[in-house]
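Could you slot chain Z onto chain E? The hints should help.
Read off the chains here:
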Amino acid sequence: MSGDVREDCATGPAVVACLRDVTLEYGDTRALNGITLAIPAGQIVGVIGPDGVGKSSLFALIAGARAIQGGSVEVLGGDMANARHRNAICPRIAYMPQGLGRNLYPTLSVYENLDFFARLFGHGRDERERRMEQLLSATGMAAFRDRPVGKLSGGMKQKLGLCCALIHDPDLLILDEPTTGVDPLSRRQFWRLIARIRAGRPGMSVLVATAYMDEAAGFDHLVAMHDGQVLQSGTPRALLEQTQARSLEQAFIRLLPGNNEAAGTPADITPRAATDDAPVAIEARGLTRRFGDFTAVDNVSFRIRRGEIFGFIGSNGCGKTTTMKILTGLLPASDGEAWLFGHPVDPHDIATRRRVGYMTQSFSLYSELTVRQNLALHARLFGLPADGIPARVQAMAGRFGLEAIMDALPDALPLGERQRLSLAVAMIHGPEILILDEPTSGVDPVARENFWRIMIDLARRDNVTIFISTHFMNEAERCDRVSLMHAGKVLATDTPAAIAQARGAESLEEAFIGYLEAEAGTQAEPDEAGAATTPTPKPGAQDEAPQVNRSAFSLRRLFSYTRREALELLRDPIRLTMAALGSGLLMIVLGYGISMDVEDLTFAVLDLDQTTASRDYTLNLSGSRYFLEQPPIESHEDMDRRLRAGEIGLAIEIPGGFARDLARGDGAQISAWIDGSMPSRAETVRGYVQGMHQHWLAGKAREAYGDAVGSGLVSVETRFRYNPEVSSLPAMVPAVIPLLLILIPAILAALAVVREKELGSIVNLYVTPVTRLEFLLGKQIPYLVLGMLSYALLTVLAIYGFGVPVSGSLATLTAAAFIYVMAATAFGLLVSTFVRSQIAALFGTALLTMLPAVTFSGLLNPVTSMEGSARFIGDIFPTTHFITIARGTFSKALGFHDLQDAFLPLLIAVPVLIGLAAALLRKQER
Amino acid sequence: MRVLRNTFQLGVKELRSLLRDPIMLVLIIWAFTLSIYTAATAMPETLYKAPIAIIDDDRSALSLRIIDAFYPPYFMPPLLISAEQMDARMDAGLDTFGLYIPAGFERDVLAGNSPALQLNVDATRMAQAFTGSSYINAIVNGVSNEFVQRNREQASQPVELELRARFNPELNQTWFGAVMELVNRITMLSIILSGAALIREREHGTLEHLLVMPVTPLEIMGAKVWAMAVVVLGSSAFALAVVIRGFLEVPLQGSAWLFLGGATLHIFACTSMGIFLGIVARTMPQFGLLMMMTLLPLQILSGGMTPRESMPDIVQTLMLAAPTTHFVALSQAILYRGAGFDVVWPQLAALAVIGTALFLFSLARFRKTLQSMG
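The listed protein sequences derive, respectively, from chains E and Z. Residues 1 to 926 in this note's numbering are what the first sequence spells out, letter by letter. Residues 1 to 374 in this note's numbering are what the second sequence spells out, letter by letter.
Mixed in with the good hints there might be a few duds.
[To be verified] Have a look at the derived ranges for each label pair, beta carbon to beta carbon:
{"hint": "1", "chain 1": "E", "residue 1": "R836", "chain 2": "Z", "residue 2": "A138", "range": "52 to 62 Å"}
{"hint": "2", "chain 1": "Z", "residue 1": "L19", "chain 2": "E", "residue 2": "T23", "range": "21 to 31 Å"}
{"hint": "3", "chain 1": "E", "residue 1": "Q610", "chain 2": "Z", "residue 2": "G112", "range": "34 to 44 Å"}
{"hint": "4", "chain 1": "E", "residue 1": "L920", "chain 2": "Z", "residue 2": "R164", "range": "46 to 56 Å"}
{"hint": "5", "chain 1": "Z", "residue 1": "I314", "chain 2": "E", "residue 2": "D387", "range": "52 to 62 Å"}
{"hint": "6", "chain 1": "Z", "residue 1": "R107", "chain 2": "E", "residue 2": "Q610", "range": "26 to 36 Å"}
{"hint": "7", "chain 1": "E", "residue 1": "S671", "chain 2": "Z", "residue 2": "G112", "range": "57 to 67 Å"}
{"hint": "8", "chain 1": "Z", "residue 1": "A138", "chain 2": "E", "residue 2": "G895", "range": "30 to 40 Å"}
{"hint": "9", "chain 1": "Z", "residue 1": "R164", "chain 2": "E", "residue 2": "R664", "range": "55 to 65 Å"}
{"hint": "10", "chain 1": "Z", "residue 1": "G112", "chain 2": "E", "residue 2": "D875", "range": "42 to 52 Å"}
{"hint": "11", "chain 1": "E", "residue 1": "N87", "chain 2": "Z", "residue 2": "I314", "range": "41 to 51 Å"}
{"hint": "12", "chain 1": "E", "residue 1": "G691", "chain 2": "Z", "residue 2": "K368", "range": "54 to 64 Å"}
{"hint": "13", "chain 1": "E", "residue 1": "D640", "chain 2": "Z", "residue 2": "T369", "range": "46 to 56 Å"}
[Unchecked claim] Quick partial rundown of chain E residues pointing at chain Z, CB under 8 Å, derived from the structure:
{"hint": "14", "residue": "L381"}
{"hint": "15", "residue": "G383"}
{"hint": "16", "residue": "M578"}
{"hint": "17", "residue": "R681"}
{"hint": "18", "residue": "Y800"}
[Said to hold, decoys possible] Residues of chain E clear of chain Z, computed beta-carbon distances all greater than 10 Å:
{"hint": "19", "residue": "P148"}
{"hint": "20", "residue": "D457"}
{"hint": "21", "residue": "E477"}
{"hint": "22", "residue": "R575"}
{"hint": "23", "residue": "Q610"}
None of these hints come from the bench; they were simulated from the model. Cβ atoms here follow ideal geometry from the backbone N, Cα and C, with glycine treated the same way.
One chain only, chain E, in its complex shape:
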């Protein structure tokens, strides 16, 4: 077979992608094991195979999202290991990763997400509008264009993902399980849409991974994969003939090495014994849930008896998940009531929680814990006896086929295996009720059959009540009873057969689509009609594709990221307000709080002399505004104790015989102890005490000898420049501005990149034409604007709030602030590119900015007085130079000419930081 491939590849245009001996490893696990494959052009090519066989890895390699480790991958006539080729062809590839809307931005609306991608691919305004309108109406998403993506149902996210992928007329469309978790009607619409688009662009190749064999049967070409290898590749008909199978499911199972025929046979449902007298396990009466004006669940009632398998089917976003959340106590109902085991649902009822197992739609286990650790943690939390836990974990692993991956991290697993893990976790404590929200989405057919075998076993043998929602009609057909939901309402509840019958349909799927279309016909006419009237992709579309901007640097792509980042910022008014006003608030706190003036020092006297002279000396100190006298010290022990306790900062001892010695001129001595625990304060105290002592001596001398004596030999006229009163405020305010202008913009920017890494949308950087520099600069701009806003606020506050005027050039200060904020945000981006989690980004930025900015940048001590690494950091850190400029313009009445030396390091810092960040950022996943 590999010989064919080489030939195919050589023939050129008929092949869109060609892989030779491709291998890929994640740590010790081998995801792809010598794949050699030619993917024919202009066709729909399906990749089928169970979870974890390497389909997603294969797609990521073809899309260029992941770096090639071994073998060669040629796509659209060039080598994907070559970065130049990748950049050249990435506008011709569209990649939709697995997972519901993983590459979309949840706080942005449907329209804004689509607009972001359109701009990224460089369409002009009119062209953008036209394409978006067309795609949105064709997918029936037009009605939701202003809804935030985070509030869409899974199916709608998938449709939007497709719209985003199609916005730039790709030549190769790569869809990784696009219909997973999508309801049958939407699925049908989805494929119709693809068909229409292909009709308009016959040259387009589509590569799809799917878990639905009925979909696969309609593809032009199929690739069956298993265990990192290609089992067979050919047309569906050829596969059926070769294996002599009746269905593709069967064909696939026959292709498997070892040929485990039994595994794939449908799990037959044992009919449930008619036990209508069984106790009611779950009951809902008139459940209603409203979110603002939107009614998600509208007067839903049902009653599920013990041991029943009750199915919930319905279009995406019809309220299934919300209903389930109400039953688990996660969401309070707006109206109506629900009971579990005859008790009203109570979120505080710990005992009931033990009897319920719940699995959410999206994966919600700990991605930092291994499969085994996740299972064990939940077993412990449900209070299973400790000695039974390993056995129980092992049993669940065996039941759900997790043995081989017990020590893997969930993030490294394909969706199907993660779903199985979620299920295993939901069942670990042997619950009496299982509430499962689309548990089999993304799970391969073989695993699904196994899953149903377990479900049936649980229900029939252990009498477990199962409440399950699904989009697979062949699963719904196995439920004892089914509720069909649409737009928050239950349309019908009965046995699957009865529902089909009532509708006069052949199967449940037909009945389902019939019901929904009837509803849609009465409600959302424009959807289908709109799709029909839209001239299916304009014939001219193909011609416009070359317009795509392929230059090495595009402002349009850059601004596309700027817009996106800014929109996200605007959607978050709390963040915006805090960023804008927070710095002002901090300035007030710090401006008044940081004070170098030492006042109100506590002191006490141990007066062993108790004479007029000794009291006079004491009065000399206590009369000063710097000192506050405390009750006199009684003994040396007392002195020691009070110094130790920090009650007094200064202790004076006047020895016995002081007055006598003074009178005789016999070397009288006074001792003073200063609390040295805070050296800077102790220094100041020392200066004060010495000063007061001299003052007292001079006074004494004048008393004795008249005014002539006592004038010093030399006098020093001290001029405190720039700040004649030596008050803290004018010195601190100009220094606080640089401090705040680095801390806040840096921390905001620091989350910008790592956040996309953590939430998955970083894949857009990998597969779209955007370059690293465009990506970084685009993200930087909104934070730059925000930083300048807070600069303006801080300056106004300094001038009018604190009364510290800018005596020098305001233009110079502003220009410097602009460059400085640029450096600060670049610093944040730099941290963001090398950390892996948002926590690390926060901690790292706080650590890396606060210490140099507060300690090494001349805020309190001049940089010239520092040594070693601190001096080095201080010399290169941007804050140092901006502090010089800020103090120069605020206090020293300087202009650009005087401060140009300080500009240079700032100007150097910006490109260095951005360049480093761009160098550290990866354009492909490794």
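Relative to chain E, chain Z alone:
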């Protein structure tokens, strides 16, 4: 019993999560070792290598003596400049002090005319400006005195003042800086770790998952508090024993155990505060901002950077509610002044009260948000 067991299990989970983030671990280690070391050794003495420039128009024996009297560590060797240069150099922040010795200075001194020197001080550098000018005053007078009275016996002052600094006789800034940096790290890490861990759970949907299990908010919160406290406390103990006492050779007084006990209470208060911030903030960026806005005042106004008594009364009063204020006071008392439990019990009590209040308050808020979550 169940509460304790679950709290323990969930806490172990937190620790495992942390272990999965190697960069975070590196940052923690760096924060408690090298970064403390650098910061502590970088802290210059209040007057350390102060840059000074001298304009010598006298060029006499006395003026040369005065110039020679400025040397490290207090001052940088003085730079001789012209009168024109001085303004520019001060404007550029190159010198903190500019001393002008007028022509005829030596003659006037010998004649007993009490001549005046002019000292220009860059008062934007408050710390050096104050102490430095009094030093310069003393040096100039001392040198002149000696010069004039070379042949005479110096009349001893009628009263001598003997000044000694207790607890840190040489007023070594490193001693002070090392412990204060440690205190800052403890505060920062406890707030970030606990708050961010909570937000992370919410952003990944695992919080919701916990809520359908027989786990109470108290257990979820308690777990984060104890797990993060273990990390921070462990790092602090290491930093205290190895970095501060070992490498920096700071002679710590008092009981390290008492200090760590106080640190535990402080961490308890700070992690509770972190969780509170994590509840108020909906996303990680919001948390980042909130954290900065809390952390800066907590650190700068705690009395660890500038003396508390010189802050405005209202700030002093408000900061009594901050755990850092008490922790800084407690650390200084124990580690520098060797104070025992009998001295620091008010701080310990204050930390316990603040911690408990923050914990209970956060718990109440946590319960409330969890109920309205969906």
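How the hints compare with the structure:
The supplied range of 52 to 62 Å is met by R836 (chain E) and A138 (chain Z), whose beta-carbon atoms lie about 56 Å from each other. Range check, L19 (chain Z) to T23 (chain E): Cβ separation about 30 Å, and the 21 to 31 Å hint holds. Taking 34 to 44 Å as the suggested C-beta distance range, the pair Q610 (chain E) and G112 (chain Z) conforms, at roughly 40 Å. Taking 46 to 56 Å as the suggested C-beta distance range, the pair L920 (chain E) and R164 (chain Z) conforms, at roughly 53 Å.
Checked against the given bound of 52 to 62 Å, the beta carbons of I314 (chain Z) and D387 (chain E), roughly 60 Å apart, stay inside it. Look at R107 (chain Z) against Q610 (chain E): about 49 Å separates their beta carbons, and that is not inside 26 to 36 Å. Separation of S671 (chain E) from G112 (chain Z) is about 34 Å and departs from the stated range, judged on CB atoms against 57 to 67 Å. Between A138 (chain Z) and G895 (chain E) the CB atoms are about 37 Å apart, so this pair conforms to the stated range of 30 to 40 Å.
Evaluation of the 55 to 65 Å hint for R164 (chain Z) and R664 (chain E) yields a failure: the beta carbon distance comes to about 25 Å. Between G112 (chain Z) and D875 (chain E), the C-beta spacing of about 47 Å keeps the proposed range 42 to 52 Å intact. Checked against the given bound of 41 to 51 Å, the beta carbons of N87 (chain E) and I314 (chain Z), roughly 60 Å apart, lie outside it. Between G691 (chain E) and K368 (chain Z) the C-beta distance comes to about 58 Å, which sits within the given range of 54 to 64 Å.
In this structure the supplied range 46 to 56 Å holds for D640 (chain E) paired with T369 (chain Z), their Cβ-Cβ distance being about 51 Å. Interface restraint check for L381 (chain E): the shortest CB-CB distance to chain Z comes to about 5 Å, inside 8 Å, so the restraint holds. The interface hint given for G383 (chain E) holds, since its Cβ lies 6 Å from the closest Cβ of chain Z, which is under the 8 Å cut-off. The beta carbon of M578 (chain E) comes within 4 Å of a beta carbon in chain Z, closer than 8 Å, and the hint placing it at the interface holds.
Below 8 Å, beta-carbon pairs count as interface contacts, and R681 (chain E) has one with chain Z at about 5 Å; its hint therefore holds. The closest approach between the C-beta of Y800 (chain E) and any C-beta of chain Z is roughly 20 Å, which is over the 8 Å cut-off, so the hint fails. Non-interface call for P148 (chain E) relative to chain Z: holds, since the shortest CB-CB distance, roughly 13 Å, exceeds 10 Å. Every CB of chain Z lies more than 10 Å from the CB of D457 (chain E), the least distance being 23 Å, so the non-interface label holds.
Under the 10 Å C-beta cut-off, the non-interface status given to E477 (chain E) relative to chain Z holds; the minimum distance is some 28 Å. A beta-carbon of chain Z is positioned within 10 Å of the beta-carbon of R575 (chain E); the least distance is around 5 Å. Every C-beta of chain Z lies more than 10 Å from that of Q610 (chain E), the closest at about 17 Å, which supports listing it as non-interface.
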